[in-house]
Every structure is written in C-alpha cells, then in structure tokens.
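Protein chains: 2
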Amino acid sequence: MQEISAYTNYIEREIARLDFPLKPSNLYDPLRYFMQLGGKRMRPILTLLGAELFGEQKENAINAALSVETFHNFSLIHDDIMDEAPLRRNQATVHEKWNQNIAILSGDVLFVKAFQLLAKHDSKHLSHLLDLFNKTAIEVCEGQQMDMDFETRTDVSIAEYIEMIRLKTSVLLGCALEMGAIIANATENDKRHLYEFGQNIGIAFQIQDDILDLYADPEKFGKQVGGDVISNKKTLLNLKALELASTQQLEDLKELAIEKDHSKKIIETTQIYNEIKAKEACEAVMQDYYEKAITALNAIEIDQNQKIPLQQLAQYLMQREN
Amino acid sequence: MQEISAYTNYIEREIARLDFPLKPSNLYDPLRYFMQLGGKRMRPILTLLGAELFGEQKENAINAALSVETFHNFSLIHDDIMDEAPLRRNQATVHEKWNQNIAILSGDVLFVKAFQLLAKHDSKHLSHLLDLFNKTAIEVCEGQQMDMDFETRTDVSIAEYIEMIRLKTSVLLGCALEMGAIIANATENDKRHLYEFGQNIGIAFQIQDDILDLYADPEKFGKQVGGDVISNKKTLLNLKALELASTQQLEDLKELAIEKDHSKKIIETTQIYNEIKAKEACEAVMQDYYEKAITALNAIEIDQNQKIPLQQLAQYLMQREN
Chain X
401 MQEISAYTNY IEREIARLDF PLKPSNLYDP LRYFMQLGGK RMRPILTLLG
451 AELFGEQKEN AINAALSVET FHNFSLIHDD IMDEAPLRRN QATVHEKWNQ
501 NIAILSGDVL FVKAFQLLAK HDSKHLSHLL DLFNKTAIEV CEGQQMDMDF
551 ETRTDVSIAE YIEMIRLKTS VLLGCALEMG AIIANATEND KRHLYEFGQN
601 IGIAFQIQDD ILDLYADPEK FGKQVGGDVI SNKKTLLNLK ALELASTQQL
651 EDLKELAIEK DHSKKIIETT QIYNEIKAKE ACEAVMQDYY EKAITALNAI
701 EIDQNQKIPL QQLAQYLMQR EN
Chain D
401 MQEISAYTNY IEREIARLDF PLKPSNLYDP LRYFMQLGGK RMRPILTLLG
451 AELFGEQKEN AINAALSVET FHNFSLIHDD IMDEAPLRRN QATVHEKWNQ
501 NIAILSGDVL FVKAFQLLAK HDSKHLSHLL DLFNKTAIEV CEGQQMDMDF
551 ETRTDVSIAE YIEMIRLKTS VLLGCALEMG AIIANATEND KRHLYEFGQN
601 IGIAFQIQDD ILDLYADPEK FGKQVGGDVI SNKKTLLNLK ALELASTQQL
651 EDLKELAIEK DHSKKIIETT QIYNEIKAKE ACEAVMQDYY EKAITALNAI
701 EIDQNQKIPL QQLAQYLMQR EN
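Chains as they are written, first to last, in this note's numbering: chain X, 401 to 722; chain D, 401 to 722.
So here's chain X without its partners, still in its complex pose (with noise of 0.2 Å):
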C-alpha cells in the first residue's frame, strides 16, 4: 500500500478538476467552495482500494470513487440545512454562506453530478454500480430521516439506533468498497464479503465517534469535546449509560439533561458514566463490529498479502483520535 497521503492527494487533484460551469454563480460557487472544504476523503480512499483489492489499477476506479464523494458532500450540504449547522469543517455551511434555497438546489446539481462521474464507466458495470448506489443513497436518507425521527422520541433502542448509523454512514462505506470490486470484476461472493466489511468498519467507526466526542483528548480532538452530551444527543454512549443506570443514576441523568452549565453538564455526566462503565460498554460494542469486519475481510478468497492495506486502513480508523 502506498502511504494514505498518496491517495488523500491523488482525489485532491482529481477533485479539483471537476470544473464546474461558472454560471449560474449562484449554484455553481458553493459547489466549488465546498468540495475544496477538504476531510479525510475515506469514501474515495475505499474505492480505489477495494479496486487494487482485486489486481485493477486504481486510475479505472477514479469516478467511481468521485461519485461517492460528490454524493457524500451533497448528503451533507442537505444535512447541514435540517441540522442548521453553521460549521462544517470549521468553515461556513453553504446554507449560512449564501442561503438555504441556494443549499437546497446546489446539493441537487451536486447529487446529478455524482450520477455523471458514475456514468463515464462502460456499459459492463455502470447498471451494477447504479443499482449498488441507488439503493445506497436511498438507503442514507432513510437514515437521515430516522435520525431525525429520534430527536424527539424517548423510547430510542439500541437496535433501532445501529441499524440507524448502519444506514445513514455505513452502507455508504460498504458502497463505496464494492464499488471498487465492481470494477474489477470480483466474484458475487468477494463483493457481498468486502461490502460485509465496509458496513461493519463503518458501524465500529461511528460509535467510535460517539465516545471520541466525550472521550477525546480535547488537544487532539480539534472540536468541542462533550457537544453530544450538552445537545443531549441520542448516541450509543447515551443509550447504554441508560440501559445499565440504577434508578439514581436514571434520576441524576434526567437532571443533568435541562442542566444550563454546560462544563457541570458535561463533567457530571460523565462521573456518571464513568460510575456505569458506559464507554466500555460501548467500546465492547466497537470491538465487536470491528471482529465482524475484520471475519469478513479474511473470507475473501485472495492472497492475503493483498489484504494488507485494507486492514491498515481499518486499524488506522480504530485508532484515531480526532
């Protein structure tokens, strides 16, 4: 494996060639301002990797692996607006930049757009890649939408709420990993088992956002750390410190909720969860997809020197702390 650099710079480039038109100025400038926002560009990263996986050069994987970017960054300029945001990579949100309606309707020409690169790949693949990624992006607003749904329900389960991240990140990085395979003509079976280990590194890696956001070391962290709990998020953190809470603790938690000192808020909480073990409960929870994915890397059938990149790659993901 070359070094992550090599590819983070390879889909910088390529991002920045996307040209879009300069008019309408009003629908086009958010698009380049936003996509040149930068992040960790782990969903290209995938493709090109679950290409290579396979022996396919990862230049013929390219707009595969810009298609899902463009569809993640249009997720997120349409998230942001329902989110009211007003940071995204500490840099203005589109909708805070210009305003909601341009939002709405830059992220739409962003989402055809992710259609267009998907597009450029021949006849062979592109009705696989389409059918992978139709059932993808719908699979990420249902997610959005139940995420939304949980704001103001108080009967969240911890069930409900995996199957919640699964859809609105997970299947994403699933997607974007048999994307790669797709392209290189892997068997059904190696496809379903690399999607199987993109979904389950994708679930180990947003409950380990839920413990970084009140875990981090805040030197490292690069956000406030504790916002989950001062919004009173439903995160697995949340949801497992009232699974396994005494009554006490359930009455001391409801307290802390309405609780207007954030830094109380926050310290208290986390005597609390602390008191109840919740980040290891759900750190047991992480380890656990984390074992999953990793059974589904090994039962794909190809040297396992080949492997080795993307175990890593999912290594490197476990073990961030920003």
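Since the hints were made in silico from the structure, they are not lab data. All values derive from a computational prediction rather than experimental measurement. Glycine included, each C-beta is placed from N, C-alpha and C at the ideal position. Mixed in with the good hints there might be a few duds.
Distance condition first, Cα-Cα at most 25 Å in a straight line; then the derived DSS-like pairs of lysine-lysine [what the hints assert, rightly or not]: (1) K423(D) to K535(X); (2) K654(X) to K633(X); (3) K524(D) to K535(X); (4) K423(D) to K520(X); (5) K665(D) to K679(D); (6) K633(X) to K660(X); (7) K679(D) to K634(D); (8) K524(D) to K520(X); (9) K634(D) to K677(D); (10) K423(X) to K633(D); (11) K679(X) to K623(X); (12) K535(D) to K440(D); (13) K634(D) to K423(X); (14) K679(X) to K620(X); (15) K524(X) to K524(D); (16) K633(X) to K623(X); (17) K524(X) to K520(D); (18) K535(D) to K524(X); (19) K520(X) to K520(D); (20) K634(X) to K423(D); (21) K633(X) to K423(D); (22) K664(X) to K620(X); (23) K665(D) to K535(X); (24) K423(X) to K535(D); (25) K535(X) to K520(D).
Covered, in the sense of this in silico footprint (three residues per stretch, anywhere, with C-beta under 8 Å from a C-beta of chain D), are these stretches of chain X [unchecked claim]: (26) 447 to 459; (27) 508 to 522; (28) 543 to 551.
Label pairs and their in silico Cβ distance ranges [as the list claims (entries may be wrong)]: (29) E560(D) to T554(X): 48 to 56 Å; (30) S405(X) to G438(D): 49 to 57 Å; (31) K440(X) to A657(D): 34 to 42 Å; (32) I667(D) to A416(X): 50 to 58 Å; (33) D688(X) to G439(D): 25 to 33 Å.
Start from chain X and add chain D according to the hints.
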C-alpha cells in the same frame, strides 16, 4: 393515437404501483401523497409517444416515462420549498403538510427513485438514457437558479427570460420525448429533431402559461387570474410590456407595481398591457416557437401519419384554457 385519457390512465395505474416502503413513514408518506396529486402527466405521455412514433410499444418505455414524472415531482417538492408555496394542485405542499426538512429529504429520495426507474432499462440503452437525463436534470436546476436570481434583478432581458424557461421547463419535455426515441432505437438525426420539437413546444407552452395567467377565462382557469401581476413576477408579458411601453406607461407600471389594491392593480395593468398590445406581442413569440416545433417534427424521417398524435398533442397544448 388512442385518446389521451388512455395514456393518462395507464400512467396513473403505473404510478399507483410504485410501491414506496412503509417506513420511515415521515420519508415515504409524503411521496405517496405527492405522487397521487395528479396533474396532466404530460411528460411521461411524451415519452410513450416518443417511443410509439418510431414503432416501439409504449410498455417498453414505461420505466423511462415514470422516471421523468418522478424527477418532475421531485423538482416540484423542492421548488415549492424555495418558492414558499403553500399549495400545489390545490392541496397542501409537502413542506406545509409535514415540514421543510421532510420536504428536502423526501424530495431527495424521490430523485433517487427516478434513477432506479431509469436503471431498469437494459444496458444497451441505459448509458444514453442516463447521459440525457443527467444533462437535463442539471439544466432544470440551472433554470430554477436563474428564476430565483431574476427576483432581485431589474435588468432581465427577454433573451435571458427565454433561456430561463428553456432550462427550467422546456428541456425536460425534449428529454421526455427523446428518451422514448432512444428506447425505440431512432437515428441520431431523428432524436435531435424530436428533442427540438419538445423543447420548442415547451417554450411556447410556458409563454402561453404567462398569457393565460392574466388573460384566462376565470371560469375555466381554476386559479386566480392575475397572480403574476399581483406578485410582480417577471414573465414574458411583463418584459414585453416594459420593452414596448412609452415613458408615461413605464411610470404608470412602476406605480402599479406597488399598488396595494389587487383588483385595481390587475385592471389597470391589464389596461396598459392592452394599449401596448403586449398580449399580441407574446402570442407572436409563442407562434414563432410553435412553428419551430412543427418544423422540427416535419424533419423527422418517418411516415407523416405516425406524427399525427404529436401534432394533435401540440395543438391541444396550444389551445388549452388552463
């Protein structure tokens, strides 16, 4: 040609079979609701007629037809948010009946559904259908952005206005027809002529819309006559009037733009438009595009009798009273 109602009924039956999932209900209930609101179903009918023109059975073009109608409905859901429209076909819009976030997200899902329907076509046609569809979808978004940009501009030219309605409305009619022709394996030249027919009929249709908004028979129109005048919307009628008005008439129109009494505003604006002969000027432009459309239809190298349904449809669209 079968009666137009036979086509409409066929489309309605197929739309009823679209089969959206039950959950998440906040995502799919709005789609069941909106897709059943009705309308002329003009676009999918064009796809079926485009296929039949070249001897293909309409059943073989139904998925592309539904794809176009689904895309059209997606764009209406998002446009209604942007226009803050409370009503669509005399029923509450999605963002009014549910909320804005649900309207954004269920619109997004409907957009994917359009691609899923398209992806049902075999790989022989899929790539061509997708290229045309993507190009058209982007143009429709560009047209909507131009329309929004026009709201705050005072220097919109007639050429720009025509370009806006071409993108926002007409290219989708051309696309709908050409999709049918693609499925029927028409020649490149014939596909281009059919697209031109659709695009020019679309422009004529939209100009007629502008005229009807002020000059329709209130008994037959089904919505408030003069709505565009009340809201100072830029239409061809309005732009032609400004182009042809004397200095005094310009002054009067400027004053009428801020008139609060709607009835007075409509009556006096109409009086000035009549003096200017703005309606006749628009009709001349409309006739020009209608003739361009017929010329394009005539250029298609196929038995003239085959073209009768499209000629009839074009006449029907030009003679409508609502």
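Results for each hint:
{"no.": "1", "hint": "K423(D) to K535(X)", "result": "holds (15 Å)"}
{"no.": "2", "hint": "K654(X) to K633(X)", "result": "holds (13 Å)"}
{"no.": "3", "hint": "K524(D) to K535(X)", "result": "holds (22 Å)"}
{"no.": "4", "hint": "K423(D) to K520(X)", "result": "violated (33 Å)"}
{"no.": "5", "hint": "K665(D) to K679(D)", "result": "holds (17 Å)"}
{"no.": "6", "hint": "K633(X) to K660(X)", "result": "holds (15 Å)"}
{"no.": "7", "hint": "K679(D) to K634(D)", "result": "holds (15 Å)"}
{"no.": "8", "hint": "K524(D) to K520(X)", "result": "holds (15 Å)"}
{"no.": "9", "hint": "K634(D) to K677(D)", "result": "holds (17 Å)"}
{"no.": "10", "hint": "K423(X) to K633(D)", "result": "holds (22 Å)"}
{"no.": "11", "hint": "K679(X) to K623(X)", "result": "holds (20 Å)"}
{"no.": "12", "hint": "K535(D) to K440(D)", "result": "holds (24 Å)"}
{"no.": "13", "hint": "K634(D) to K423(X)", "result": "holds (20 Å)"}
{"no.": "14", "hint": "K679(X) to K620(X)", "result": "holds (19 Å)"}
{"no.": "15", "hint": "K524(X) to K524(D)", "result": "holds (10 Å)"}
{"no.": "16", "hint": "K633(X) to K623(X)", "result": "holds (16 Å)"}
{"no.": "17", "hint": "K524(X) to K520(D)", "result": "holds (15 Å)"}
{"no.": "18", "hint": "K535(D) to K524(X)", "result": "holds (22 Å)"}
{"no.": "19", "hint": "K520(X) to K520(D)", "result": "holds (18 Å)"}
{"no.": "20", "hint": "K634(X) to K423(D)", "result": "holds (20 Å)"}
{"no.": "21", "hint": "K633(X) to K423(D)", "result": "holds (22 Å)"}
{"no.": "22", "hint": "K664(X) to K620(X)", "result": "holds (22 Å)"}
{"no.": "23", "hint": "K665(D) to K535(X)", "result": "violated (52 Å)"}
{"no.": "24", "hint": "K423(X) to K535(D)", "result": "holds (15 Å)"}
{"no.": "25", "hint": "K535(X) to K520(D)", "result": "holds (13 Å)"}
{"no.": "26", "hint": "447 to 459", "result": "violated (count 0)"}
{"no.": "27", "hint": "508 to 522", "result": "holds (count 8)"}
{"no.": "28", "hint": "543 to 551", "result": "holds (count 5)"}
{"no.": "29", "hint": "E560(D) to T554(X): 48 to 56 Å", "result": "holds (53 Å)"}
{"no.": "30", "hint": "S405(X) to G438(D): 49 to 57 Å", "result": "holds (55 Å)"}
{"no.": "31", "hint": "K440(X) to A657(D): 34 to 42 Å", "result": "violated (52 Å)"}
{"no.": "32", "hint": "I667(D) to A416(X): 50 to 58 Å", "result": "holds (57 Å)"}
{"no.": "33", "hint": "D688(X) to G439(D): 25 to 33 Å", "result": "violated (50 Å)"}
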